[in-house]
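Going down the list, the protein sequences come from chains A and B.
For reference, each letter of the first sequence is one residue, going 12 to 411 in our numbering.
For reference, each letter of the second sequence is one residue, going 12 to 411 in our numbering.
Each hint should be verified, as a subset may be incorrect.
Unchecked claim - With a straight-line cut-off of 27 Å between C-alpha atoms, the simulated DSS-like cross-links for lysine-lysine are:
{"no.": "1", "chain 1": "A", "residue 1": "Lys328", "chain 2": "A", "residue 2": "Lys258"}
{"no.": "2", "chain 1": "A", "residue 1": "Lys328", "chain 2": "B", "residue 2": "Lys157"}
{"no.": "3", "chain 1": "B", "residue 1": "Lys82", "chain 2": "A", "residue 2": "Lys328"}
{"no.": "4", "chain 1": "B", "residue 1": "Lys328", "chain 2": "B", "residue 2": "Lys258"}
{"no.": "5", "chain 1": "A", "residue 1": "Lys157", "chain 2": "A", "residue 2": "Lys82"}
{"no.": "6", "chain 1": "B", "residue 1": "Lys157", "chain 2": "B", "residue 2": "Lys258"}
{"no.": "7", "chain 1": "B", "residue 1": "Lys328", "chain 2": "A", "residue 2": "Lys157"}
{"no.": "8", "chain 1": "B", "residue 1": "Lys328", "chain 2": "A", "residue 2": "Lys82"}
Stated by the list, open to error - Computed Cβ-Cβ distance ranges for the label pairs, DEER-style:
{"no.": "9", "chain 1": "B", "residue 1": "Phe267", "chain 2": "A", "residue 2": "Leu67", "range": "50 to 56 Å"}
{"no.": "10", "chain 1": "A", "residue 1": "Glu275", "chain 2": "B", "residue 2": "Asn326", "range": "51 to 57 Å"}
{"no.": "11", "chain 1": "A", "residue 1": "Leu67", "chain 2": "B", "residue 2": "His311", "range": "25 to 31 Å"}
{"no.": "12", "chain 1": "B", "residue 1": "Asp101", "chain 2": "A", "residue 2": "Arg13", "range": "38 to 44 Å"}
{"no.": "13", "chain 1": "B", "residue 1": "Pro273", "chain 2": "A", "residue 2": "Lys82", "range": "54 to 60 Å"}
{"no.": "14", "chain 1": "A", "residue 1": "Gly342", "chain 2": "B", "residue 2": "Glu275", "range": "48 to 54 Å"}
{"no.": "15", "chain 1": "A", "residue 1": "Arg391", "chain 2": "B", "residue 2": "Asp24", "range": "57 to 63 Å"}
{"no.": "16", "chain 1": "A", "residue 1": "Leu152", "chain 2": "B", "residue 2": "Glu238", "range": "57 to 63 Å"}
{"no.": "17", "chain 1": "B", "residue 1": "Arg350", "chain 2": "A", "residue 2": "Leu271", "range": "43 to 49 Å"}
{"no.": "18", "chain 1": "B", "residue 1": "Arg322", "chain 2": "A", "residue 2": "Ala89", "range": "33 to 39 Å"}
{"no.": "19", "chain 1": "B", "residue 1": "Glu275", "chain 2": "A", "residue 2": "Thr349", "range": "39 to 45 Å"}
{"no.": "20", "chain 1": "A", "residue 1": "Gly342", "chain 2": "B", "residue 2": "Lys258", "range": "52 to 58 Å"}
{"no.": "21", "chain 1": "B", "residue 1": "Glu238", "chain 2": "A", "residue 2": "Lys82", "range": "56 to 62 Å"}
Everything labelled a hint here was simulated from the structure, so no lab data went into it.
For every residue, glycine included, the Cβ atom is placed at its ideal position computed from N, Cα and C.
There are 2 protein chains.
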Amino acid sequence: MRADADRLEFRIDSREGSARAGRLITPHGEVETPAFIPLATTAAVRGLDTDEVAALGYGMVLGNTFHLFLKPGHERIAELGGLHRFMSWDGAIVTDSGGFQIFSLAHGSVADEVKGRRGAAGSHGSILEIAEEGVRFRSYLDGVEKFMGPEESMQVQASLGSDIALAFDECTPFHADYDYTARSTERTHRWLDRCTRWHEAHGPAGQALFGIVQGGTHQDLRRSSVERVTAAAIDGISIGGTLGQDKDQMRAVLGFTVPLLPLEAPKHLLGIGEPDDLLDGIALGLDVFDCAVPTRLGRHGVALAPLPDQRFRINVKGRSLEADQDPLVAGCPCPACTRHSRAYLHYLARAGELTAVRLLTVHNLVYLERLMAGAREAIRAGRFEAYRRAGLAGAAPWAA
Amino acid sequence: MRADADRLEFRIDSREGSARAGRLITPHGEVETPAFIPLATTAAVRGLDTDEVAALGYGMVLGNTFHLFLKPGHERIAELGGLHRFMSWDGAIVTDSGGFQIFSLAHGSVADEVKGRRGAAGSHGSILEIAEEGVRFRSYLDGVEKFMGPEESMQVQASLGSDIALAFDECTPFHADYDYTARSTERTHRWLDRCTRWHEAHGPAGQALFGIVQGGTHQDLRRSSVERVTAAAIDGISIGGTLGQDKDQMRAVLGFTVPLLPLEAPKHLLGIGEPDDLLDGIALGLDVFDCAVPTRLGRHGVALAPLPDQRFRINVKGRSLEADQDPLVAGCPCPACTRHSRAYLHYLARAGELTAVRLLTVHNLVYLERLMAGAREAIRAGRFEAYRRAGLAGAAPWAA
Numbered sequence: 012m013r014a015d016a017d018r019l020e021f022r023i024d025s026r027e028g029s030a031r032a033g034r035l036i037t038p039h040g041e042v043e044t045p046a047f048i049p050l051a052t053t054a055a056v057r058g059l060d061t062d063e064v065a066a067l068g069y070g071m072v073l074g075n076t077f078h079l080f081l082k083p084g085h086e087r088i089a090e091l092g093g094l095h096r097f098m099s100w101d102g103a104i105v106t107d108s109g110g111f112q113i114f115s116l117a118h119g120s121v122a123d124e125v126k127g128r129r130g131a132a133g134s135h136g137s138i139l140e141i142a143e144e145g146v147r148f149r150s151y152l153d154g155v156e157k158f159m160g161p162e163e164s165m166q167v168q169a170s171l172g173s174d175i176a177l178a179f180d181e182c183t184p185f186h187a188d189y190d191y192t193a194r195s196t197e198r199t200h201r202w203l204d205r206c207t208r209w210h211e212a213h214g215p216a217g218q219a220l221f222g223i224v225q226g227g228t229h230q231d232l233r234r235s236s237v238e239r240v241t242a243a244a245i246d247g248i249s250i251g252g253t254l255g256q257d258k259d260q261m262r263a264v265l266g267f268t269v270p271l272l273p274l275e276a277p278k279h280l281l282g283i284g285e286p287d288d289l290l291d292g293i294a295l296g297l298d299v300f301d302c303a304v305p306t307r308l309g310r311h312g313v314a315l316a317p318l319p320d321q322r323f324r325i326n327v328k329g330r331s332l333e334a335d336q337d338p339l340v341a342g343c344p345c346p347a348c349t350r351h352s353r354a355y356l357h358y359l360a361r362a363g364e365l366t367a368v369r370l371l372t373v374h375n376l377v378y379l380e381r382l383m384a385g386a387r388e389a390i391r392a393g394r395f396e397a398y399r400r401a402g403l404a405g406a407a408p409w410a411a
Numbered sequence: 012m013r014a015d016a017d018r019l020e021f022r023i024d025s026r027e028g029s030a031r032a033g034r035l036i037t038p039h040g041e042v043e044t045p046a047f048i049p050l051a052t053t054a055a056v057r058g059l060d061t062d063e064v065a066a067l068g069y070g071m072v073l074g075n076t077f078h079l080f081l082k083p084g085h086e087r088i089a090e091l092g093g094l095h096r097f098m099s100w101d102g103a104i105v106t107d108s109g110g111f112q113i114f115s116l117a118h119g120s121v122a123d124e125v126k127g128r129r130g131a132a133g134s135h136g137s138i139l140e141i142a143e144e145g146v147r148f149r150s151y152l153d154g155v156e157k158f159m160g161p162e163e164s165m166q167v168q169a170s171l172g173s174d175i176a177l178a179f180d181e182c183t184p185f186h187a188d189y190d191y192t193a194r195s196t197e198r199t200h201r202w203l204d205r206c207t208r209w210h211e212a213h214g215p216a217g218q219a220l221f222g223i224v225q226g227g228t229h230q231d232l233r234r235s236s237v238e239r240v241t242a243a244a245i246d247g248i249s250i251g252g253t254l255g256q257d258k259d260q261m262r263a264v265l266g267f268t269v270p271l272l273p274l275e276a277p278k279h280l281l282g283i284g285e286p287d288d289l290l291d292g293i294a295l296g297l298d299v300f301d302c303a304v305p306t307r308l309g310r311h312g313v314a315l316a317p318l319p320d321q322r323f324r325i326n327v328k329g330r331s332l333e334a335d336q337d338p339l340v341a342g343c344p345c346p347a348c349t350r351h352s353r354a355y356l357h358y359l360a361r362a363g364e365l366t367a368v369r370l371l372t373v374h375n376l377v378y379l380e381r382l383m384a385g386a387r388e389a390i391r392a393g394r395f396e397a398y399r400r401a402g403l404a405g406a407a408p409w410a411a
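Chain A on its own, in the form it takes in the complex (with noise of 0.2 Å):
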């Protein structure tokens, strides 16, 4: 890893156990940590402003390298000013490599099943090829072949110009065996090698490089990949690929893969975002998490809430709901929980209303963000293992 404050600046303020509290120092601002980051897949947070996203206390937000190159592609972007002014957003934007949606196409959706996590990208599309070079594709927009590899992803996220890059990786899926994984690894560190030096040469001034821990499931694979990806000249460390078919094997996986990270460093768990899994990430040592759950939900008619019996969700379209004159969550701040009932909002939601997405999206990345307020304030206060525990036992992140 190189140290380098002009890309960026990670300070670790207060320590519990391997969880910790800092700010990740961006060009384009401070983000505390542990933070919870929103999909702006397509240069927007569905259904809101970036002003909106801001107004939320969110400082960063995810931007998808491979939507973006296919429409409106990195040059017209460049050409605007880049992704941030694009967007008229003025904090800080990290930008995934677009390995995983590319891989999507091939993996389909037994990644998506497995994973369940992680942007559902253009299942539309098709793979040509996957080779040491890079992946032929065709575009799920227009079915024009289009090429990526290592130096592609790099140029497009120059363009964009975002504070965090991704290098280009393989996400292998669940139902990928040992040799694949292996094999596949190992091209995912060769690219990194291909991705650290193209960004040497080129990365625009105040970008910060993330090198991506592959390894699937096995422990030997995530402890030589956590060693290929620490020596390369690389600012952050994404953890991604799948990390099993529950919970239970996530925990086991991350369990053996994040203390091998260097302690110092920020660490980004990719794809992962619901309550219990921030909560048990952060008492890990993780820092960022990016997930579409808040957002994807939100669309769905689901709402977040402390029912840890009911995976921490309400389904909003369901039967129970449809006389229930109480708050969708008490004591939550968000206006579809102070302004409105369940019973409206179960009726906008049914009817397909564009304003139920909205109400749910903003609900459900509110709680997250005060999740992640509530866990920062508590590593400060000492007292985030009670949080933890009561959040996993079905406390409010505001009563907790």
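With chain A held as given, fit chain B onto it using these hints.
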């Protein structure tokens, strides 16, 4: 007509020619006229929370009797405290009678095509019988047979607790011949008598009732409809039915209909809301207008703009905006125009991003609110005719 200030007071404060500026004083606040009324078809203005609608300057919305009758049902809304409380809206509500939507099932897309303006309703259901008693039809939601006649429409609107109810009518389409239109208009008048009888006996305290003038494009039918409607125990007048095949015919029909109406009565033009039609309608002495235009255009990527040559519209999905860094409509105070470029909005609209729907809907609502606020101010200052001419020639509402 009846005069009953407990139900609705209409004060005209200024006049210029036939145009007038005034106030509709309802149990839920004063609405300055001339006013545009956004649709809250399913108890929500598409994509917006009700407090946001109020913040845009609107004091009245239009709820849809037909849709709310089918789902969640007027009994459910009554049980939840009425429509105002159900949707957390403190402002005034006018409810459509349901007639337009029900008859759209029979007259189908021809009505939509010709009017092209008044909410595209349940095109999946079907009419079973139109009789003197009322209409039997199948719900577009579940195929269940339903009945609505004048008393049922009044009952539903009473349960909703709207500030202004509309009498049950048949909205005759443009393709209906003279005989059909004449017979239908007569039946609408008999239905009006049943509405007023029901409303006098059972109407909720404070709820006003507007009668609807029908008669298609036929001068004699419009005249006899005006006579029958204004003789009834109503508090205001709506103009419904087809206004012809183009804007010239609409202006002709309104030109021979509006002057027949009592000068002091509040006058509502149903389903019309394009900028030029609003300006000309105000000049004729019309006071309130409802229309799907701002919300429907927003959903389809179209923005209102001071461009008479382009039907006062910009197709935000149009290729010419692809790299355009200018604001959508220069000078417009809405977030889409003050925070973003045409290129960004173009990209979001083509990507089908909900943020685009919301930004364009807000823009269109801001545009019409500014247009109407400018008209009110101009009438008070005795310069409305200049404002109207400038607006028709392409002056922006905030510049004229």
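How the hints compare with the structure:
| no. | hint | verdict |
| --- | --- | --- |
| 1 | A:Lys328 to A:Lys258 | holds (26 Å) |
| 2 | A:Lys328 to B:Lys157 | holds (24 Å) |
| 3 | B:Lys82 to A:Lys328 | holds (13 Å) |
| 4 | B:Lys328 to B:Lys258 | holds (26 Å) |
| 5 | A:Lys157 to A:Lys82 | holds (12 Å) |
| 6 | B:Lys157 to B:Lys258 | violated (36 Å) |
| 7 | B:Lys328 to A:Lys157 | holds (24 Å) |
| 8 | B:Lys328 to A:Lys82 | holds (13 Å) |
| 9 | B:Phe267 to A:Leu67: 50 to 56 Å | holds (54 Å) |
| 10 | A:Glu275 to B:Asn326: 51 to 57 Å | holds (53 Å) |
| 11 | A:Leu67 to B:His311: 25 to 31 Å | holds (28 Å) |
| 12 | B:Asp101 to A:Arg13: 38 to 44 Å | violated (58 Å) |
| 13 | B:Pro273 to A:Lys82: 54 to 60 Å | holds (57 Å) |
| 14 | A:Gly342 to B:Glu275: 48 to 54 Å | holds (51 Å) |
| 15 | A:Arg391 to B:Asp24: 57 to 63 Å | holds (59 Å) |
| 16 | A:Leu152 to B:Glu238: 57 to 63 Å | holds (59 Å) |
| 17 | B:Arg350 to A:Leu271: 43 to 49 Å | holds (44 Å) |
| 18 | B:Arg322 to A:Ala89: 33 to 39 Å | holds (35 Å) |
| 19 | B:Glu275 to A:Thr349: 39 to 45 Å | holds (42 Å) |
| 20 | A:Gly342 to B:Lys258: 52 to 58 Å | holds (53 Å) |
| 21 | B:Glu238 to A:Lys82: 56 to 62 Å | holds (59 Å) |
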